[in-house]
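Number of protein chains: 2
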Amino acid sequence: MSAHQSEQVDRANARALRLLYDAEPVLVDVRPAIEVIPGMTKDTVLTSGPPLHWDAYTGGQRTAILGGVLHEGLASSTAEAERLLSREAVRVAGCHDFGAVGSLAGVTTASMPVLVVEDAGSGNRGYCTLFEGAAPARLNYGVYDASVQQNLEYLASVIGPALGAAVRLLDGGIPLRPIMARALRQGDELHSRNTAASALFLQEILPGLFDLGADLAREVVAYLTSGDYFFLRPSMAAAKAMADRMYGAEGSSVVTAMAFSCAEFGIRVAGLGPRWFRGPLPEVEHARFFPGHDLGDMEIMGGESLITEVCGLGAFAQAAAFTLQNYQGKPEVMVRRNLEMYRITAGEHEVFKIPFLEYRGTPAGIDVRKVVATGVTPALDVGIAGKGGGQIGAGSFRAPLQPFADACAALDQLN
Amino acid sequence: MSAHQSEQVDRANARALRLLYDAEPVLVDVRPAIEVIPGMTKDTVLTSGPPLHWDAYTGGQRTAILGGVLHEGLASSTAEAERLLSREAVRVAGCHDFGAVGSLAGVTTASMPVLVVEDAGSGNRGYCTLFEGAAPARLNYGVYDASVQQNLEYLASVIGPALGAAVRLLDGGIPLRPIMARALRQGDELHSRNTAASALFLQEILPGLFDLGADLAREVVAYLTSGDYFFLRPSMAAAKAMADRMYGAEGSSVVTAMAFSCAEFGIRVAGLGPRWFRGPLPEVEHARFFPGHDLGDMEIMGGESLITEVCGLGAFAQAAAFTLQNYQGKPEVMVRRNLEMYRITAGEHEVFKIPFLEYRGTPAGIDVRKVVATGVTPALDVGIAGKGGGQIGAGSFRAPLQPFADACAALDQLN
Chain A
1 MSAHQSEQVD RANARALRLL YDAEPVLVDV RPAIEVIPGM TKDTVLTSGP
51 PLHWDAYTGG QRTAILGGVL HEGLASSTAE AERLLSREAV RVAGCHDFGA
101 VGSLAGVTTA SMPVLVVEDA GSGNRGYCTL FEGAAPARLN YGVYDASVQQ
151 NLEYLASVIG PALGAAVRLL DGGIPLRPIM ARALRQGDEL HSRNTAASAL
201 FLQEILPGLF DLGADLAREV VAYLTSGDYF FLRPSMAAAK AMADRMYGAE
251 GSSVVTAMAF SCAEFGIRVA GLGPRWFRGP LPEVEHARFF PGHDLGDMEI
301 MGGESLITEV CGLGAFAQAA AFTLQNYQGK PEVMVRRNLE MYRITAGEHE
351 VFKIPFLEYR GTPAGIDVRK VVATGVTPAL DVGIAGKGGG QIGAGSFRAP
401 LQPFADACAA LDQLN
Chain B
1 MSAHQSEQVD RANARALRLL YDAEPVLVDV RPAIEVIPGM TKDTVLTSGP
51 PLHWDAYTGG QRTAILGGVL HEGLASSTAE AERLLSREAV RVAGCHDFGA
101 VGSLAGVTTA SMPVLVVEDA GSGNRGYCTL FEGAAPARLN YGVYDASVQQ
151 NLEYLASVIG PALGAAVRLL DGGIPLRPIM ARALRQGDEL HSRNTAASAL
201 FLQEILPGLF DLGADLAREV VAYLTSGDYF FLRPSMAAAK AMADRMYGAE
251 GSSVVTAMAF SCAEFGIRVA GLGPRWFRGP LPEVEHARFF PGHDLGDMEI
301 MGGESLITEV CGLGAFAQAA AFTLQNYQGK PEVMVRRNLE MYRITAGEHE
351 VFKIPFLEYR GTPAGIDVRK VVATGVTPAL DVGIAGKGGG QIGAGSFRAP
401 LQPFADACAA LDQLN
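So the sequences go chain by chain: A and B. Heads up: the first sequence runs through residues 1 to 415, numbered per UniProt numbering. Heads up: the second sequence runs through residues 1 to 415, numbered per UniProt numbering.
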């Protein structure tokens, strides 16, 4: 790339960052996926990562996809679900191609309530399913059984409709960016820690909840305050709506998506459209496993919550969340890792700031050129699933270099 | 003091710390002061600091005491209130002598609703009035006018009774220590910053609020979420109930109270009972003033929120609250100041911990001997009042050495 071309990319990246910084994600509704996600059908199952052929999904992600088919009542047995998927009577597709993002396996089906987050300026929408609650057995962690099915039905019949009704009662919905900016001042990094943001969200939705009546309101509050993890999903949907704005910056080398399936990690780049650049799975840099588990029990079953890192959150804001030290390393390690991310980003976020770094903006806008030049790949704050399903820990991972190198080469060819 | 005597004091301090660490403050009620504070009468005005003769109260603290007399309807004019106070028809007394603690001027009168915090083990009770809300004109900041009076009436007629009813509906009240421990992980130090704790408190009281009906519940939520400062008062009352346990440790050199009036700073020590050791007012170490104000506008009008520092909070937990950097100095300064406090404390808190310091317990139990030996006096996170009333800033102050030296000498005489 010539100096002239390089300057052009710099300018495009500045445009991408401006789009990112000016995003104003607002939770406007909670509705069944089929009612709000364009292109969604009864016989579609969305899942995490650069899409694969059905045969390539294994382990927990495969279990979750099959569970999605059963949950929708498209099949009455796993064997039947397998047959429908094999002959493509049920379609498996990537969340990102539908404006959605999935947590872990990320299975999203027609009847599941999704958070609808709209960017005020662009009208972009990001969708994400609801936190399944504190129960250890969850579809997104690769488990499908009677308790998971019952919980999904509860979310669809009680929690989703109540949240939707409350949000619609609040004029203009719930602006999420102020919650996110505040949560960074209260120890969240909005990927592996969402404790403060969940509490702030509760405060915002509360006036709407009161109108639903005491019993239902109490039930929704119990759901929202269980597990301190509710806000991860609004954070993800908001990040999707924000990140997608950057596709408007033609020629930019800034990353617009990172995601993985059970088999591959992939990125998208603003100047290269919806094309996935694929590579091997991320590797563990530092992790902690729940009692009775170790690295040998780990199974990667997909994940798209890395959309938060794309927006300067998660591992890019680790120094805001020292309570994660057991999972990610001592505070000094977290600070060092956070500072390292400035080496591979095009800017510093104007709204998301880190108190410990004297309110320096988070490193924002991963530049594939800088990743290749430094050999430093993005750090990723992720939850860890176990073989056989369920969460067994959490940690800080590293993305592979290959997709960034390939994207860089593709950008070179473009110029 | 001989080596033998010194060891005896060490053992007494260990007992004091055990009492402190094992405290379990619970908000059990919110009631008018006269109904719950032993010894309170219609014609008593409690105020901050080692008590002075009425003549000695000046400026905002004097204004607030007069305001208290008017608010209670004991006089119909300021002149009449002055007369009643001069001939002691209305009694002025120190909050601490009634189990109470006051914010800034700390005026507490018979009809004012107070938080009733009870220590589960000892039955000790700590009392504190309610946060007056986000309005700039507040009695505790030395202002008394029609708007202040109206707000006090609103607190007494609507907010206090509603909070009391909600707390009583919750079986066993609201345990405050878990909220405080969690808030330290969310960027609060529970003196100058109470944002997270206020949100956590809201979550705990919510089930009780729902039973009050939607309209009243909505009103209480609006109050609880205005200004992010509600929880300072529960924090103070809890600290009072916790600190008072330490009087049980005979011979201990650990501080059980720090407080100041408009004229004097004072401390109490576990082994020396209710006697105040008095000295000059604290001095500003680092402060920030709101636009249009500077150090020359500052007026000290009392304050007992330093009871939080007595319990290892506030300035003793600055490294938990980097968002206060504008008021207290850069993060590295805050960390250094926080670490310095370990030089003058007898222990490290077993429950209150600081994530950035790798979950080290906060420095707890100020040992007057160590203060004298090092010349390091306690740092204090305080709000700053302006001449003529109202808040004009906040900062980190330093206690004077004299009272610690005097207490140390008194302990020596005891031994």
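Hints are supplied without guarantee of correctness; some may be wrong.
Note: identical chains are not told apart, hence a pair may lie in one copy or across any two.
[As the list claims (entries may be wrong)] In silico SDA-like cross-links for lysine to any residue, where the CA-CA straight-line distance does not exceed 25 Å: (1) Lys-353 / Gln-325; (2) Lys-353 / Phe-289; (3) Lys-42 / Ala-134; (4) Lys-353 / Ala-3.
Simulated from the structure, these hints should not be mistaken for laboratory data. Since the structure is predicted, the reported quantities are computational estimates derived from the model, not experimental observations.
Same-copy or cross-copy closeness of Lys-353 to Ala-3 [CA-CA at most 25 Å]: Intra 32 Å, inter 52 Å, cutoff 25 Å: neither.
Lys-353 and Gln-325: within-copy, between-copy, both or neither at 25 Å Cα: both (19 Å within a copy, 14 Å between copies)
Copy assignment of Lys-353 with Phe-289, given that the CA separation must stay at most 25 Å: between (29 Å within a copy, 23 Å between copies)
Alpha-carbon proximity context of Lys-42 and Ala-134, limit 25 Å: neither (28 Å within a copy, 51 Å between copies)
Checked against the numbered hints given earlier, this structure breaks hints 3 and 4; the rest are met.
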